[in-house]
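Throw the hints in and build the complete structure from the sequences for me.
Residue numbers (the working numbering), protein chains in the order written: chain S, 1 to 333; chain D, 1 to 295.
Take the hints with a grain of salt, since some may be wrong.
Unchecked claim - Here are a few chain D residues that face chain S, going by a calculated C-beta distance under 10 Å:
(1) I39
(2) T43
(3) Q60
(4) N64
(5) V95
(6) F113
(7) L135
(8) A166
(9) F203
(10) L235
(11) I285
Think of the hints as simulated: they come from the structure by calculation, not from any bench.
C-beta: ideal position from N, C-alpha, C; glycine also.
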Amino acid sequence: MSTQSRTTTRPGEPGPGVGPSGEALGPDRAKARSGPRSSLRQRTELTILLGPALVLFVGFVLVPIAVAVYYSIYKWNGFGPLKDVVGFGNYRRALTDTVFLHSIIHNVIIAGLSLLIQLPLSIGIALLLNRKIRGRTFLRLVVFAPYVLSSAVTAVMWSLMLQPGGFIDHLSKAVGIGAHTWLADIHIVLYTIFVVASWQYMGFGIVLLLAGLQGIPSELREAAALDGATAWQTTRMVILPLLGPTIRIWIFLSMIGSLQLFDLPWIMTGGGPANASSTMSTYLIDKGFHSYEFGYGSAVAVILFVICFVFALLYQRFALRRDTQGALTRMVR
Amino acid sequence: MAVLTATTQPKRGRHGGGHEAGPQSALGNALAYAVAVVIVVVTIVPLLYVFLGGFRTTAQINENPSGLPSPWVWANYKAVVTSSSFWHFLLNSAVIAIIATVLTVGLGAMAAFALSRYVFRGREALFALFTIGLLFPLTVAALPLYLQLRRLGMLENLWGVAIPEAAFSLSITIVILRPFMRAIPGELEDAAVVDGTSRLGFFWRVLLPLSAPALTTVGVLAFVTSWNFYILPLLVFNEQIHFTLPLGVATFQSQYSVDTARVFAFTALSMLPTLCFFVVAQRRIVGGLTGAVKG
Numbered sequence: 001m002s003t004q005s006r007t008t009t010r011p012g013e014p015g016p017g018v019g020p021s022g023e024a025l026g027p028d029r030a031k032a033r034s035g036p037r038s039s040l041r042q043r044t045e046l047t048i049l050l051g052p053a054l055v056l057f058v059g060f061v062l063v064p065i066a067v068a069v070y071y072s073i074y075k076w077n078g079f080g081p082l083k084d085v086v087g088f089g090n091y092r093r094a095l096t097d098t099v100f101l102h103s104i105i106h107n108v109i110i111a112g113l114s115l116l117i118q119l120p121l122s123i124g125i126a127l128l129l130n131r132k133i134r135g136r137t138f139l140r141l142v143v144f145a146p147y148v149l150s151s152a153v154t155a156v157m158w159s160l161m162l163q164p165g166g167f168i169d170h171l172s173k174a175v176g177i178g179a180h181t182w183l184a185d186i187h188i189v190l191y192t193i194f195v196v197a198s199w200q201y202m203g204f205g206i207v208l209l210l211a212g213l214q215g216i217p218s219e220l221r222e223a224a225a226l227d228g229a230t231a232w233q234t235t236r237m238v239i240l241p242l243l244g245p246t247i248r249i250w251i252f253l254s255m256i257g258s259l260q261l262f263d264l265p266w267i268m269t270g271g272g273p274a275n276a277s278s279t280m281s282t283y284l285i286d287k288g289f290h291s292y293e294f295g296y297g298s299a300v301a302v303i304l305f306v307i308c309f310v311f312a313l314l315y316q317r318f319a320l321r322r323d324t325q326g327a328l329t330r331m332v333r
Numbered sequence: 001m002a003v004l005t006a007t008t009q010p011k012r013g014r015h016g017g018g019h020e021a022g023p024q025s026a027l028g029n030a031l032a033y034a035v036a037v038v039i040v041v042v043t044i045v046p047l048l049y050v051f052l053g054g055f056r057t058t059a060q061i062n063e064n065p066s067g068l069p070s071p072w073v074w075a076n077y078k079a080v081v082t083s084s085s086f087w088h089f090l091l092n093s094a095v096i097a098i099i100a101t102v103l104t105v106g107l108g109a110m111a112a113f114a115l116s117r118y119v120f121r122g123r124e125a126l127f128a129l130f131t132i133g134l135l136f137p138l139t140v141a142a143l144p145l146y147l148q149l150r151r152l153g154m155l156e157n158l159w160g161v162a163i164p165e166a167a168f169s170l171s172i173t174i175v176i177l178r179p180f181m182r183a184i185p186g187e188l189e190d191a192a193v194v195d196g197t198s199r200l201g202f203f204w205r206v207l208l209p210l211s212a213p214a215l216t217t218v219g220v221l222a223f224v225t226s227w228n229f230y231i232l233p234l235l236v237f238n239e240q241i242h243f244t245l246p247l248g249v250a251t252f253q254s255q256y257s258v259d260t261a262r263v264f265a266f267t268a269l270s271m272l273p274t275l276c277f278f279v280v281a282q283r284r285i286v287g288g289l290t291g292a293v294k295g
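Here it is, written out as structure tokens:
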């Protein structure tokens, strides 16, 4: 992508227009050529083009976060003036609250299970399905379908099936696992939710991986075969490394998704029983809205924000960056 | 590498697929079919179960949770379709998703145009600012956002959901559109200018039509995200008249927990628009959603 934009050079450019080749020109040269009148005109155009988006973005993304930092040092029930300064008290309380800490652990467990179970399974399925089998288009459609459903609807659907003595119990009895209170047993509930999340999101990952596999030229595989590599060796030494960028994006999306898990536990269990399925977000909404502790809730929101932010930055720095530095797939593409 | 590119390009262009298994082993194929069948069953059975459950009575369901409808009952679906709340939820979802999509695509395209084809001081900083939104999801910002909406008096208001959704979608939209708009050759802009068009005219008459594929991608992304969103409507709306479909389904379940069959019917019907839309526009949706993250 980025290489394409650099190739456009435009000699004898008339008027004030400065196109994608603009970096080469630099702002000063552009101004010198176009004069003050068009500079004013450019400024007006930029205001028209960027203004609305900027207002929306600052007003509804940046300001709320900034204001949350401010609220977080108060004890505040959401009504009346802010006057009860507690400093870092809210943060200290959050970081020593076992329910909150357990919620974080639950998110980490979900994320870990995704990496250990969903990822290998998805890669295996994608490798297996990446061949000329009949009905591949249909298969892709079906696999992807749960992803487009609202997770709220998914939550209700699975709640219906997971009712005690319900459909899932019938099935599990038939295969010998026996009936369980899937959503009421504190030792099981988190894993139940993980299974439901897998049902909804795994298909998306598989389609993503399949698209990544399609991008690997068959010549590489044929060359490996000519060199006497077995199918397993080819997969391990050729296919998987080339699939690296896709896998890293998969991991990134999966981790961000695990961190923000809310709809499924909130609707299916409300974070219960006994907070056994609470996540950072359900904790946040529970504190902020049900207990009207907006100052404390803001502190929790800031902590979540920092966790996401740090994770995303670190991951981009150490994992995704490698992809932008001329990975083989990029050159081939 | 250049040689490799040259040899692979035309082939891939026509068939769309690069790497296929070469000599296919019979065992591998059999395994692939077996896995495919398992996946299809696991995916479809829950959906089918809910749709069929809507055709049973609560008594039938309680008696045998995994049975088929006998006799088939239309009353549940009829009750949902003739209730005004279902149509209200549907309409609200549609209105909000359309507003959010139009705002996202419109404002995102304008901003991406400025950030890709103008040169001005602070451009990269501004772009970096917009990418911040990629680093954290709306769910994390839900509580601060609620307080902001309350301050602005936007609670119990469709715009109070649509506008923040658009604001949060702007990041991915601009990140997708900017390289796309950059890659459109400058000669086209020159030609437009020679023909006497202003830069905004070029944007409107040349760049936007040429960007149609990318605009579709971000549009689909914004629409699906908005349509399925749960947490923001949950916080912003108190009165049922404003509820969106996901919020409505979740509420309906807790309200009619005794009348299980009707919950089945309601849930099934609420999935129907999404699934129909998906089947009709599946190529664009799958391509859009997976293409968006591939960068």
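Hint check:
Interface hint at D/I39: satisfied, since its Cβ lies 6 Å from the closest Cβ of chain S, which is below the 10 Å cut-off. The interface hint given for D/T43 is met, as the beta carbon of that residue sits about 5 Å from the closest beta carbon of chain S, less than 10 Å. The beta carbon of D/Q60 is not positioned within 10 Å of any beta carbon in chain S (closest approach about 13 Å), and the interface hint is therefore violated. Given hint, D/N64 at the interface with chain S, holds; its Cβ is 8 Å from that chain's nearest Cβ, closer than 10 Å.
Evaluation of the D/V95 hint against chain S yields a violated restraint, the C-beta minimum of about 16 Å exceeding 10 Å. Because the closest C-beta pair between D/F113 and chain S is about 6 Å apart, less than 10 Å, the hint holds. Of the supplied interface hints, the one on D/L135 holds, with its beta-carbon coming within about 4 Å of a beta-carbon of chain S, less than 10 Å. Because the closest C-beta pair between D/A166 and chain S is about 6 Å apart, less than 10 Å, the hint holds.
The criterion of a C-beta within 10 Å of any C-beta in chain S is met by D/F203, whose closest approach is roughly 8 Å, and the hint holds. Because the smallest distance between the Cβ of D/L235 and any Cβ of chain S comes to about 7 Å, under 10 Å, the interface hint for this residue holds. For the restraint placing D/I285 at the interface with chain S, the shortest Cβ-Cβ distance is roughly 6 Å, inside the 10 Å limit, so the hint holds.
When held up to the earlier numbered hints, the structure conflicts with 3 and 5 and fits the remainder.
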